[in-house]
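Chains as they are written, first to last, in this note's numbering: chain H, 1 to 114; chain Y, 115 to 226.
Any given hint could turn out to be false.
Reference excerpt, derived from the structure (chain H facing chain Y, CB under 8 Å, subset only) [as the list claims (entries may be wrong)]: (1) Gly40; (2) Gly42; (3) Leu43; (4) Leu45; (5) Val50; (6) Ala52; (7) Phe90; (8) Tyr95; (9) Ala98; (10) Ser100; (11) Glu102; (12) Gln103; (13) Phe105; (14) Gly106; (15) Pro107; (16) Gly108.
Calculated from the model, a selection of chain H residues having no Cβ within reach of chain Y, i.e. all distances over 10 Å [unchecked claim]: (17) Val4; (18) Lys14; (19) Gln17; (20) Thr20; (21) Gln22; (22) Ser33; (23) Met41; (24) Gly53; (25) Asn62; (26) Asn65; (27) Ser67; (28) Leu78; (29) Thr86; (30) Leu111; (31) Thr112.
Have a look at the derived ranges for each label pair, beta carbon to beta carbon [claimed, not checked]: (32) Y/Ile165 with H/Asn28: 37 to 45 Å; (33) Y/Ser184 with H/Ser18: 33 to 41 Å; (34) Y/Ala115 with H/Gly63: 19 to 27 Å; (35) H/Pro61 with Y/Phe160: 24 to 32 Å.
Hints listed in this document are in silico derivations from the structure and should not be mistaken for laboratory results.
Only a predicted model underlies this, so the values are computations on that prediction, with no experimental measurement involved.
Heads up, the beta-carbon is just placed ideally off N, CA and C, and yes, glycines get one too.
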Amino acid sequence: NAGVTQTPKFQVLKTGQSMTLQCAQDMNHEYMSWYRQDPGMGLRLIHYSVGAGITDQGEVPNGYNVSRSTTEDFPLRLLSAAPSQTSVYFCASSYAFAGSYEQYFGPGTRLTVT
Amino acid sequence: AQSVAQPEDQVNVAEGNPLTVKCTYSVSGNPYLFWYVQYPNRGLQFLLKYITGDNLVKGSYGFEAEFNKSQTSFHLKKPSALVSDSALYFCAVRVYGQNFVFGPGTRLSVLP
Numbered sequence: 001n002a003g004v005t006q007t008p009k010f011q012v013l014k015t016g017q018s019m020t021l022q023c024a025q026d027m028n029h030e031y032m033s034w035y036r037q038d039p040g041m042g043l044r045l046i047h048y049s050v051g052a053g054i055t056d057q058g059e060v061p062n063g064y065n066v067s068r069s070t071t072e073d074f075p076l077r078l079l080s081a082a083p084s085q086t087s088v089y090f091c092a093s094s095y096a097f098a099g100s101y102e103q104y105f106g107p108g109t110r111l112t113v114t
Numbered sequence: 115a116q117s118v119a120q121p122e123d124q125v126n127v128a129e130g131n132p133l134t135v136k137c138t139y140s141v142s143g144n145p146y147l148f149w150y151v152q153y154p155n156r157g158l159q160f161l162l163k164y165i166t167g168d169n170l171v172k173g174s175y176g177f178e179a180e181f182n183k184s185q186t187s188f189h190l191k192k193p194s195a196l197v198s199d200s201a202l203y204f205c206a207v208r209v210y211g212q213n214f215v216f217g218p219g220t221r222l223s224v225l226p
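Using the sequences plus the hints, can you model the full thing?
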């Protein structure tokens, strides 16, 4: 199993550009989520999905869109990049939303917006 | 609302000494508690979790954590620290039907 994979590893954008961060998992997990990690703030939930076709907003959803057309893939779209979106982005998956299942994390995407 | 506090930004310990990384939480309902470790430029790795039952939970790499319901704490411990344990440690909590909430992280430095 590859686990959770993310692409790209690094990205530099100019303000106003759009892009999609890719996330895929091969563990047949129902629950997938996107976090951003900023110094001293831990991980903050952007969007999450409890299954294919079902998504919902997390703590900091503004400026980001998601979709979940398959169980495996959960891309995160930045609509119009802003310097405040400079961060490290992590995708995670878990067997199910309900219950005590731990999350498995991807290696992250480091995004810089200039 | 759920919340997690990690009161120490940084913990320094000498190699071979015991280590403790502190975590306290606030939830409505019964908590599921987790510890994750993050090495530089890597994603988070799961260490251990508490669901129910025995208050002392053992996990990967010799780590363990003690759940204390009255103090709403879930401190991470290891009897003998290694230099390779140096990393960023995150405590997380969730209750049934809710998302994970992560603490701000504690940087552990184990000095040779």
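Evaluation of the provided hints:
1. Among the interface hints, the one on H/Gly40 holds; its C-beta lies about 6 Å from the nearest C-beta in chain Y, closer than the 8 Å criterion.
2. Because the smallest distance between the Cβ of H/Gly42 and any Cβ of chain Y comes to about 4 Å, under 8 Å, the interface hint for this residue holds.
3. Satisfaction of the interface hint for H/Leu43 is found here, the shortest Cβ-Cβ separation to chain Y being roughly 4 Å, below the 8 Å cut-off.
4. Interface restraint check for H/Leu45: the shortest CB-CB distance to chain Y comes to about 6 Å, inside 8 Å, so the restraint holds.
5. Interface hint status for H/Val50: violated, as the beta-carbon distance to the closest one in chain Y is roughly 10 Å, over 8 Å.
6. Hint status for H/Ala52: violated, given a least beta-carbon distance of 18 Å to chain Y, over 8 Å.
7. Given hint, H/Phe90 at the interface with chain Y, holds; its Cβ is 6 Å from that chain's nearest Cβ, closer than 8 Å.
8. Because the beta carbon of H/Tyr95 sits about 12 Å from the nearest beta carbon in chain Y, more than 8 Å, this interface hint is broken.
9. Checking H/Ala98 against chain Y: minimum C-beta separation of about 6 Å stays under 8 Å; hint holds.
10. Against a cut-off of 8 Å between C-beta atoms, the interface hint on H/Ser100 holds, since the closest Cβ of chain Y lies about 4 Å away.
11. At a threshold of 8 Å, the smallest CB-CB gap from H/Glu102 to chain Y is about 5 Å, leaving the interface hint in force.
12. Of the supplied interface hints, the one on H/Gln103 holds, with its beta-carbon coming within about 6 Å of a beta-carbon of chain Y, less than 8 Å.
13. At its closest, the beta carbon of H/Phe105 sits 4 Å from a beta carbon of chain Y; the interface hint therefore holds under the 8 Å criterion.
14. Residue-level restraint check for H/Gly106 holds (minimum Cβ-Cβ distance to chain Y is 5 Å; threshold 8 Å).
15. Interface hint at H/Pro107: satisfied, since its Cβ lies 5 Å from the closest Cβ of chain Y, which is below the 8 Å cut-off.
16. About 5 Å separates the beta-carbon of H/Gly108 from the nearest beta-carbon of chain Y, less than 8 Å, and the hint is met.
17. Distance check for H/Val4 against chain Y: the nearest CB is about 8 Å away, which does not clear 10 Å, and the non-interface claim fails.
18. Every beta carbon of chain Y lies more than 10 Å from that of H/Lys14, the smallest distance being close to 24 Å; the non-interface claim holds.
19. The Cβ of H/Gln17 lies farther than 10 Å from every Cβ of chain Y, with a closest approach of about 24 Å, so its non-interface assignment holds.
20. No beta-carbon of chain Y comes within 10 Å of the beta-carbon of H/Thr20; the shortest separation is about 19 Å.
21. H/Gln22, annotated as away from the interface, keeps every beta carbon of chain Y farther than 10 Å; the closest lies near 15 Å.
22. Some Cβ of chain Y comes within 10 Å of the Cβ of H/Ser33; the nearest lies about 7 Å off, and the non-interface call is violated.
23. With a closest Cβ-Cβ approach of about 6 Å to chain Y, H/Met41 is found to fall inside the 10 Å limit, against its non-interface label.
24. Residue-level check passed: H/Gly53 sits 19 Å from the nearest beta carbon of chain Y, beyond 10 Å.
25. Non-interface status of H/Asn62 relative to chain Y is upheld: no Cβ of that chain comes within 10 Å, the nearest being about 17 Å off.
26. Non-interface status of H/Asn65 relative to chain Y is upheld: no Cβ of that chain comes within 10 Å, the nearest being about 18 Å off.
27. Every Cβ of chain Y is farther than 10 Å from the Cβ of H/Ser67; the closest lies at roughly 19 Å, confirming the non-interface assignment.
28. No Cβ of chain Y comes within 10 Å of the Cβ of H/Leu78; the nearest lies about 20 Å off, and the non-interface call holds.
29. Listed as a non-interface residue, H/Thr86 keeps its Cβ farther than 10 Å from every Cβ of chain Y; the least gap is roughly 16 Å.
30. Its beta-carbon lying about 14 Å from the closest one in chain Y, H/Leu111 satisfies the requirement of being farther than 10 Å from that chain.
31. Annotated as non-interface, H/Thr112 keeps its C-beta farther than 10 Å from every C-beta of chain Y; the closest such distance is 15 Å.
32. Look at Y/Ile165 against H/Asn28: about 22 Å separates their beta carbons, and that is not inside 37 to 45 Å.
33. Distance hint check for Y/Ser184 and H/Ser18: the Cβ-Cβ separation is about 50 Å, which falls outside the suggested range of 33 to 41 Å.
34. Between Y/Ala115 and H/Gly63 the Cβ separation comes to about 23 Å, which falls inside the hinted range of 19 to 27 Å.
35. At roughly 25 Å, the beta-carbon separation of H/Pro61 and Y/Phe160 lies within the given 24 to 32 Å, and the hint holds.
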